[in-house]
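Participant: Sequence:
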Amino acid sequence: MSLHMNRLAALTLLASLAAAQAPATAAAPLAGDKSRYRACLALAKSAPARAIASAQAWRIEGGDIAARHCLALAQFESRDYAAALTTFETAARQAESSRLTPEEAVGPALTAINLWTAATNAALLAGQPGAALRFSTSALALAATPAAEASLRVMRAEALVEMKRDTEAAADLEAATKADPKVQWGWLLKATLARRMGKLPEAEAAILEAAKQTPEDADVQLEAGNIAMLQGKTELARTAWVAASAVDPESEAGKAAEDALARLAAGTAEAEPAAATPPAPTPAPR
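Heads up, the sequence shown is in this note's numbering, so the first residue is 69 and it goes up one at a time.
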């Protein structure tokens with residue numbers, strides 16, 4: 069599964085986690101028609117170019133946040149992540165000003181926390197970790213459940229890693245896994261970062277937790293092999309890499325595992341473990 073598709077799936081999860089996060093104080097309901105909004109979202113998924121034109125026309129007519137959200141989603145589906153992050157950011161600021169609850173909005177995704185989360189995801193995919201850091205911090209300020217906080221901290225940690233701020237990223241991942249021990253990708257990211265920081269006992273403990281949740285995940289098996297190799301556990305590393313390759317041979321993790329096995333056979337695997345690229349739990353608008 070590609071990184072893009074993993075982010076799309078994560079967006080659906082994060083939207084459901086954040087659905088109850090909006091402040092209690094509310095303004096008038098959003099302008100717009102729910103059926104038009106649903107139709108626009110469906111079009112964004114099936115024909116994003118047409119949805120962009122439709123959403124822009126709707127926004128001119130007064131569609132407001134609902135139209136902006138549809139526009140951002142269509143831009144995201146078109147993989148124009150830079151445009152999507154800007155549109156999501158504008159919609160998020162509007163949502164913060166209106167302070168609508170999910171019940172008052174045209175759709176439950178149109179709350180500030182969901183829009184900030186979506187902006188974070190787009191920023192990460194656009195290669196703008198600084199923007200992702202700002203957006204995820206804004207979303208965290210609105211998180212009111214441990215699950216929402218944990219997911220957002222994992223997202224922020226990814227941005228921090230991209231900015232080479234590993235210590236801060238590690239702190240976010242520690243807080244995330246404490247807030248919600250079942251947070252998606254939290255333990256895997258924690259294991260990968262700990263390994264890169266040379267903290268092998270911590271990395272081993274984290275990857276064991278990740279394996280409990282998703283034992284047949286190729287990224288988890290790849291990272292388990294990487295950690296085992298650095299610990300001098302060659303046969304354990306081989307077993308993990310074989311599992312990663314078998315689970316999903318066409319994925320980045322599966323191919324990296326095959327490469328690691330080839331290097332192991334050639335006697336060069338000790339030099340550097342295969343790079344793990346765990347999927348990121350970030351928002352794709354849904």
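Hint data in this document are derived by calculation from the structure and do not stem from the laboratory.
Bear in mind that the values here come from a model prediction, so they are computed numbers and not experimental data.
Ideal Cβ placement from N, Cα and C applies to all residues, glycine included.
A couple of the hints might just be wrong.
As the list claims (entries may be wrong) - Think about it this way: if two alpha-carbon atoms lie no more than 16 Å apart in a straight line, the pair counts; the simulated EDC-like pairs of lysine to aspartate or glutamate are:
{"no.": "1", "residue 1": "LYS267", "residue 2": "GLU242"}
{"no.": "2", "residue 1": "LYS102", "residue 2": "ASP132"}
{"no.": "3", "residue 1": "LYS246", "residue 2": "GLU284"}
{"no.": "4", "residue 1": "LYS102", "residue 2": "GLU129"}
{"no.": "5", "residue 1": "LYS267", "residue 2": "ASP234"}
{"no.": "6", "residue 1": "LYS246", "residue 2": "GLU270"}
{"no.": "7", "residue 1": "LYS250", "residue 2": "GLU277"}
{"no.": "8", "residue 1": "LYS301", "residue 2": "GLU272"}
{"no.": "9", "residue 1": "LYS280", "residue 2": "ASP327"}
{"no.": "10", "residue 1": "LYS113", "residue 2": "ASP148"}
To be verified - What follows is a list of derived Cβ distance ranges for each label pair:
{"no.": "11", "residue 1": "ASP101", "residue 2": "ALA243", "range": "29 to 35 Å"}
{"no.": "12", "residue 1": "PRO283", "residue 2": "THR235", "range": "28 to 34 Å"}
{"no.": "13", "residue 1": "ALA150", "residue 2": "ALA273", "range": "18 to 24 Å"}
{"no.": "14", "residue 1": "ALA333", "residue 2": "ALA150", "range": "29 to 35 Å"}
{"no.": "15", "residue 1": "PRO249", "residue 2": "ARG161", "range": "32 to 38 Å"}
{"no.": "16", "residue 1": "LYS102", "residue 2": "ARG161", "range": "20 to 26 Å"}
{"no.": "17", "residue 1": "ALA243", "residue 2": "ARG147", "range": "54 to 60 Å"}
{"no.": "18", "residue 1": "THR213", "residue 2": "LYS280", "range": "43 to 49 Å"}
Participant: Against each hint, give a clear statement of whether it holds in the structure.
Facilitator: Going down the list of hints, with the structure as the test:
At roughly 14 Å between alpha-carbon atoms, LYS267 and GLU242 fall within 16 Å of each other, so this suggested pair holds. With a C-alpha separation of about 13 Å, the suggested pairing of LYS102 with ASP132 holds against the 16 Å cut-off. Taken as a hint, the LYS246 and GLU284 pair is broken in the structure, with Cα atoms around 23 Å apart against an allowance of 16 Å. Restraint check for LYS102 and GLU129: the C-alpha separation of about 15 Å stays at or below 16 Å, so the hint holds.
Taking the CA atoms of LYS267 and ASP234, the gap is near 12 Å; set against the 16 Å cutoff, the hint holds. As the CA atoms of LYS246 and GLU270 are separated by approximately 14 Å, the hinted pair is consistent with the 16 Å bound. With a CA separation close to 9 Å, the supplied pair LYS250 and GLU277 stays within the 16 Å bound. Using a Cα cut-off of 16 Å, the hinted pair LYS301 and GLU272 holds, with the two alpha carbons roughly 12 Å apart.
At roughly 25 Å between alpha-carbon atoms, LYS280 and ASP327 are farther apart than 16 Å, so this suggested pair is violated. With a C-alpha separation of about 14 Å, the suggested pairing of LYS113 with ASP148 holds against the 16 Å cut-off. The beta-carbon spacing between ASP101 and ALA243, approximately 41 Å, falls outside the hinted interval of 29 to 35 Å. For PRO283 and THR235, the hinted distance range of 28 to 34 Å is satisfied, since their beta carbons lie about 30 Å from each other.
For the pair ALA150 and ALA273, the beta carbons lie near 38 Å from each other, so the given range of 18 to 24 Å is not met. A C-beta distance of roughly 42 Å is found between ALA333 and ALA150, which places it outside the suggested range of 29 to 35 Å. For the hinted restraint 32 to 38 Å between PRO249 and ARG161, the CB-CB distance of approximately 33 Å keeps it satisfied. Between LYS102 and ARG161 the Cβ separation comes to about 23 Å, which falls inside the hinted range of 20 to 26 Å.
For the pair ALA243 and ARG147, the beta carbons lie near 32 Å from each other, so the given range of 54 to 60 Å is not met. Range check, THR213 to LYS280: Cβ separation about 22 Å, and the 43 to 49 Å hint is violated.
Consistency with the previously given hints fails for numbers 3, 9, 11, 13, 14, 17, 18, ordered from lowest to highest.
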